[in-house]
Amino acid sequence: MFEKALKGNNYYWIWLAFLGTFMAIGALCYIRQYNYGLGLTGMSRSVSWGLYISQFTFLVGVAAGGVMLVLPYYIHNYKAFGRITILGEFLAIAALTMCLMFIIADLGQPLRALNVLLHPTPNSMLFWDMIVLNGYLFLNILCGWVILTAERKQVKPPKWIYIFVYISIPFAISIHTVTAMLYCGLPGRHFWLSAIIAPRFLASAFAAGPALILLVGLILKRVANFDVGKEAKDKIVTIILYAAIINAFFLMLEFFVGYYSNIPGHKHTLEYLFFGLEHDGHVYNNLVPYLWGFVVLCASGIALLAIPYTRRNDLWLGIGSAAIFFGLWLDKGIGFVLGGFVPTPLEEVVEYYPTLNEIMITIAVWCTGFFILTVLYKIAISVEHEIES
Amino acid sequence: MDKKRREFLKIAGISTLAGLGAPAVVDRLITGSYPLAARAAREVTPGEGAGDQASTAGHGSDTVPSGTRYGMVIDVRKFNENPAMAEACIKACHSVHNVPDLAEKNNEIKWIWLTGYGNAFPDHSHYHKDENLEKNQVLVLCNHCDSPPCVRACPTKATFKNKDGIVAMDYHRCIGCRFCMAACPYGARSFNWQDPRNGLDMNKINREFPTRMRGVVEKCNFCVDRLPRGLQPACVEATGASKAMVFGDLNDPNSEIRQVLKENFTIQRKPALGTQPSVFFIV
Ligand code: SF4
Ligand code: SF4
Ligand code: SF4
Chain A
1 MFEKALKGNN YYWIWLAFLG TFMAIGALCY IRQYNYGLGL TGMSRSVSWG
51 LYISQFTFLV GVAAGGVMLV LPYYIHNYKA FGRITILGEF LAIAALTMCL
101 MFIIADLGQP LRALNVLLHP TPNSMLFWDM IVLNGYLFLN ILCGWVILTA
151 ERKQVKPPKW IYIFVYISIP FAISIHTVTA MLYCGLPGRH FWLSAIIAPR
201 FLASAFAAGP ALILLVGLIL KRVANFDVGK EAKDKIVTII LYAAIINAFF
251 LMLEFFVGYY SNIPGHKHTL EYLFFGLEHD GHVYNNLVPY LWGFVVLCAS
301 GIALLAIPYT RRNDLWLGIG SAAIFFGLWL DKGIGFVLGG FVPTPLEEVV
351 EYYPTLNEIM ITIAVWCTGF FILTVLYKIA ISVEHEIES
Chain B
1 MDKKRREFLK IAGISTLAGL GAPAVVDRLI TGSYPLAARA AREVTPGEGA
51 GDQASTAGHG SDTVPSGTRY GMVIDVRKFN ENPAMAEACI KACHSVHNVP
101 DLAEKNNEIK WIWLTGYGNA FPDHSHYHKD ENLEKNQVLV LCNHCDSPPC
151 VRACPTKATF KNKDGIVAMD YHRCIGCRFC MAACPYGARS FNWQDPRNGL
201 DMNKINREFP TRMRGVVEKC NFCVDRLPRG LQPACVEATG ASKAMVFGDL
251 NDPNSEIRQV LKENFTIQRK PALGTQPSVF FIV
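These protein sequences, in sequence, are chains A and B.
1 is the number of the first residue of the first sequence in our numbering; add one for each residue after it.
1 is the number of the first residue of the second sequence in our numbering; add one for each residue after it.
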């Protein structure tokens, strides 16, 4: 089936070449980092995880979000999603590949990564995270491929594959739950130490994943003559709306607990993220614009998706889902991880600024993900077109 | 190979049990990787089982005594009388353990250092501190917690708890994920962001202790390398006869450290987190 990825119009190749350029630059930057060490990043003793792990966290959500298309179709037999479940599965593959790349980019000793398997440690959440992420990646490759192959031959997919499809649903939930547990079980990191982290992760994932699929779907309609279908589109919008609103609700609960209880530990990070934290006569606020960006983008995205006039207009709909996706990225892909390190365990404030090298590696991983996504979607859509003709 | 496989099956079995909700197993799993001997010792002590532990855990007091548990008492008052002593301790530790002195602040590595009272003890009142605490700083280092979150978080057992209570590291196994740094509530851990040799004078290093490679985490090891040679920790040695630092077995009722703990009011850092630090402070 891969031959389908080798045929495409000029735009297709230009787009891939564009992504490829950034991938090449990022590869060079990674070689630099590999040779020198992570000292080439902006991370420090106090902010010991940076862009890499925060992107990883966000992308686990994007991968899990695909399940919002798989579940209605396979569990509730919601036929309108029939054509697009494959988009959810392929998105998960691309997102998980990015996750694994970000983990490797973040390791101080990447060649030893397999130690996690050689010395299995069930009390470490990272051990479990690796198992569920790789498991989910495997399931999506398997299910996506088998089902697409069957579709191409215009036969029913084999029965046994449904077992794996059903297993993949709880797996999707588990990847983001376990990723939340990386954070929410650490004593002394008050911002992360909250039972609502896992549900909030899931809510934002179920908005961000489908928002990206909707956005890509709208683009595909223009460039690849592939229509998601009106009914499916409306349903995805509903899912995004509910998930984005629940995420906002959970965040407000965090605010309530922090500010009403007035316990400094519960308040400091929120203060740092949204208003700036004063410490020793200096106000630290380098993330404040991002977090307000999140608030504004999510609020306007929700509005655009909720108002009937804008929802029915593809352009506004696209802008709305892009706003939600980008807004949630600011929240989870920037604020959540970086904010958790402020203040430090010794009540100091150290702000993190990524370096150019680090940013280029990050961009390159994103480009790799979109490269994989483009190729996979090209294959899926070519198969669709083949069946139609 | 076969042994590995068996080990894996065992762990898989335990995890399944945990999944089935056997709270005792979960409890055992999350308390970290106790060496088997210590675990067995815990199990055979009747009446001092999980219940007692749970009831005291919240107050951050000691766990059930079993075997050796090394600890330290730092007398902040004595350091205040002689401010040069703290610097001597830091210097002793860092030169014995080849801790690099790097120019970039972001890449800094430290095993023992000075910090303000409010930084070391954020949960204690520091509104109108007495003059001593206002003016002077406190020496801090890894607490060698009896219930160490860093050990719980480490995915490779590169950070582990010895049966003498020391939380030690295997630099050759560490993958540099820095999960332990996020997990430690005391900021006790440093990461080698670059080759530590950039900050070492290779002609002056201590050849008896390894230098680290870049990409791994390190921290105070309670001088686990010196103890078998009958030496005191380097920092303790640097305090001379002042008794500003006392090191010893917390589980031995006749040890000097127990005497000091009996005679003085001591505090631990962040006891509410249940990590059960083995380092105590007299302020
Ligand atoms: S102080 Fe930190 S590094 Fe040391 S044992 Fe406790 S949790 Fe681990
Ligand atoms: S950085 Fe090393 S010691 Fe720390 S958690 Fe990762 S593998 Fe374990
Ligand atoms: S006990 Fe040893 S390793 Fe720890 S601070 Fe003192 S000298 Fe350094």
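What the hints contain is simulated information worked out from the structure, not anything from laboratory work.
Being a predicted model, the structure only gives us computed values, none of them experimental.
A couple of the hints might just be wrong.
[What the hints assert, rightly or not] Here are the simulated EDC-like cross-link-like pairs (lysine to aspartate or glutamate), alpha carbons at most 20 Å apart as the crow flies:
| hint | chain 1 | residue 1 | chain 2 | residue 2 |
| --- | --- | --- | --- | --- |
| 1 | B | LYS129 | A | GLU347 |
| 2 | B | LYS129 | A | ASP280 |
| 3 | A | LYS267 | B | ASP123 |
| 4 | A | LYS79 | A | ASP227 |
| 5 | B | LYS157 | B | GLU81 |
| 6 | A | LYS79 | A | ASP280 |
| 7 | A | LYS230 | A | GLU347 |
| 8 | B | LYS129 | A | GLU388 |
| 9 | B | LYS135 | A | ASP280 |
| 10 | B | LYS105 | A | GLU351 |
| 11 | B | LYS135 | A | GLU347 |
| 12 | B | LYS157 | B | ASP170 |
| 13 | A | LYS221 | A | GLU386 |
| 14 | A | LYS235 | A | GLU254 |
| 15 | A | LYS267 | A | GLU386 |
| 16 | B | LYS129 | B | GLU81 |
| 17 | B | LYS105 | B | GLU218 |
| 18 | B | LYS105 | A | GLU348 |
| 19 | B | LYS105 | A | GLU347 |
| 20 | B | LYS135 | A | GLU254 |
| 21 | B | LYS91 | B | ASP249 |
| 22 | A | LYS267 | A | GLU384 |
Right, here's what the structure says about each hint:
1. With a CA separation close to 17 Å, the supplied pair LYS129 (chain B) and GLU347 (chain A) stays within the 20 Å bound.
2. Between LYS129 (chain B) and ASP280 (chain A) the alpha-carbon distance is near 17 Å, which keeps this suggested pair within the 20 Å criterion.
3. Between LYS267 (chain A) and ASP123 (chain B) the alpha-carbon distance is near 15 Å, which keeps this suggested pair within the 20 Å criterion.
4. For the hint linking LYS79 (chain A) to ASP227 (chain A), the alpha-carbon distance of about 15 Å falls within 20 Å, and the restraint holds.
5. As the CA atoms of LYS157 (chain B) and GLU81 (chain B) are separated by approximately 41 Å, the hinted pair breaks the 20 Å bound.
6. Distance check on the hinted pair: LYS79 (chain A) and ASP280 (chain A) sit about 60 Å apart at the alpha-carbon level, beyond 20 Å; violated.
7. For the hint pairing LYS230 (chain A) with GLU347 (chain A), the CA-to-CA distance comes to about 53 Å; that exceeds 20 Å, so the pair is violated.
8. For the hint pairing LYS129 (chain B) with GLU388 (chain A), the CA-to-CA distance comes to about 79 Å; that exceeds 20 Å, so the pair is violated.
9. Proposed proximity of LYS135 (chain B) and ASP280 (chain A) is supported: the alpha carbons are some 16 Å apart, at most 20 Å.
10. With a C-alpha separation of about 13 Å, the suggested pairing of LYS105 (chain B) with GLU351 (chain A) holds against the 20 Å cut-off.
11. Among the hinted pairs, LYS135 (chain B) with GLU347 (chain A) is consistent with the structure: their alpha-carbon atoms are about 18 Å apart, no more than 20 Å.
12. For the hint pairing LYS157 (chain B) with ASP170 (chain B), the CA-to-CA distance comes to about 8 Å; that is within 20 Å, so the pair holds.
13. Taken as a hint, the LYS221 (chain A) and GLU386 (chain A) pair is honoured in the structure, with Cα atoms around 16 Å apart against an allowance of 20 Å.
14. Between LYS235 (chain A) and GLU254 (chain A) the alpha-carbon distance is near 29 Å, which puts this suggested pair outside the 20 Å criterion.
15. With a C-alpha separation of about 57 Å, the suggested pair LYS267 (chain A) and GLU386 (chain A) falls outside the 20 Å cut-off, and the hint is violated.
16. Between LYS129 (chain B) and GLU81 (chain B) the alpha-carbon distance is near 17 Å, which keeps this suggested pair within the 20 Å criterion.
17. Between LYS105 (chain B) and GLU218 (chain B) the CA atoms are separated by roughly 17 Å; this keeps the pair inside 20 Å, and the hint holds.
18. Of the pairs offered as hints, the one joining LYS105 (chain B) and GLU348 (chain A) holds, with about 14 Å between alpha carbons and a cut-off of 20 Å not exceeded.
19. Restraint check: the Cα-Cα separation between LYS105 (chain B) and GLU347 (chain A) comes to about 17 Å, which is no more than 20 Å; the hinted pair holds.
20. Between the alpha carbons of LYS135 (chain B) and GLU254 (chain A) the distance comes to roughly 37 Å, so the proposed pair goes past 20 Å and is violated.
21. With a C-alpha separation of about 25 Å, the suggested pairing of LYS91 (chain B) with ASP249 (chain B) is violated against the 20 Å cut-off.
22. For a cut-off of 20 Å, the pair hint linking LYS267 (chain A) to GLU384 (chain A) is broken: about 52 Å separates their Cα positions.
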